[in-house]
Structure formats: C-alpha cells, structure tokens
Amino acid sequence: MTTQFFYLVLSPTEKKLPYLYTNVFKIIYQHSKDLVMQQTALEAAFRIHNHNPEHYKASWSTGAEGEEQAAAERNDEIRAWQMDEAKIVRIVNWP
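In numbering that gives the first Met the number 0, the protein residues as written are 0 to 94.
No wet-lab data here; the hints were simulated from the structure. Among these hints, one or two may not hold up.
[Claimed, not checked] Straight-line distance between alpha carbons at most 30 angstroms, and here's what the computed BS3-like set of lysine-lysine pairs gives: (1) K25 - K86; (2) K32 - K56; (3) K56 - K25; (4) K56 - K86.
[To be verified] Across the chosen pairs, the derived CB separations fall in these ranges: (5) I87 - S31: 29 to 35 angstroms; (6) S31 - Q81: 30 to 36 angstroms; (7) R89 - E66: 16 to 22 angstroms; (8) I90 - T39: 19 to 25 angstroms; (9) Q68 - K32: 21 to 27 angstroms; (10) M82 - D33: 33 to 39 angstroms.
All C-beta atoms in this analysis are idealised placements derived from N, C-alpha and C, irrespective of residue type, glycine included.
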C-alpha cells in the first residue's frame, strides 16, 4: 500500500469565479486505478455540494510523501495566485 498526500485545485472556466484549493487529502492506495477512483469520488463530492460544478476544471497535485510538505506546496501556490489581486482564492474543506 502507498500513502500519499494530495490537494485539489479547482480552476474556474470564467474569470469572475474564484480559484478553490482543497484541504490536503491523505489517500492510501495499492494500484494507480485505486488512486484515480478515490480522487474521482472526492471530485464528485465537491460537485454535489457546489452550486456551479460545471464552471470548474479539477486538477490534482502530484502527491507528496508528507502532509506538511503537501500543505506547504499548496500554500505556495495560493500565495502565487494571491499576488494577482484580480483573483480570489478560497480554501474548501469537504466532505
């Protein structure tokens, strides 16, 4: 079994929408298909709870071995987006 930490960034298809970053997910998997299934289930949970799910493209981080490292990478990305004042960045925690 492999344990990795991932976060998901949701990119808006329209500029007026915010960029959403998820909390860091701990995913344990044996085969890559198991990983994809778990990531797909998490994306589906977001889309169920979001009012405009079709307005976002989802992309997963490559995965870090440690939760702190994954969180640091995510926070670096968030800071980079926040440098552009036209963008709104939100952290979402689900499910």
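Evaluated hints:
Proposed proximity of K25 and K86 is supported: the alpha carbons are some 28 angstroms apart, at most 30 angstroms. Taking the CA atoms of K32 and K56, the gap is about 20 angstroms. The hint holds against a cut of 30 angstroms. Annotation: proposed proximity of K56 to K25 holds, straight-line Cα distance about 21 angstroms (limit 30 angstroms). For the proposed pair K56 and K86, the alpha carbon gap of about 16 angstroms is at most 30 angstroms, so the pair holds.
The hinted window of 29 to 35 angstroms between I87 and S31 holds, with their beta carbons roughly 33 angstroms apart. Remark: the range hint 30 to 36 angstroms for S31 to Q81 is upheld by a beta-carbon distance near 33 angstroms. Checked against the hint of 16 to 22 angstroms, the C-beta distance between R89 and E66 comes to roughly 20 angstroms, which is consistent with it. For the pair I90 and T39, the beta carbons lie near 21 angstroms from each other, so the given range of 19 to 25 angstroms is met.
Between Q68 and K32 the C-beta distance comes to about 25 angstroms, which sits within the given range of 21 to 27 angstroms. Take M82 and D33: their Cβ atoms lie about 37 angstroms apart, and the range 33 to 39 angstroms holds.
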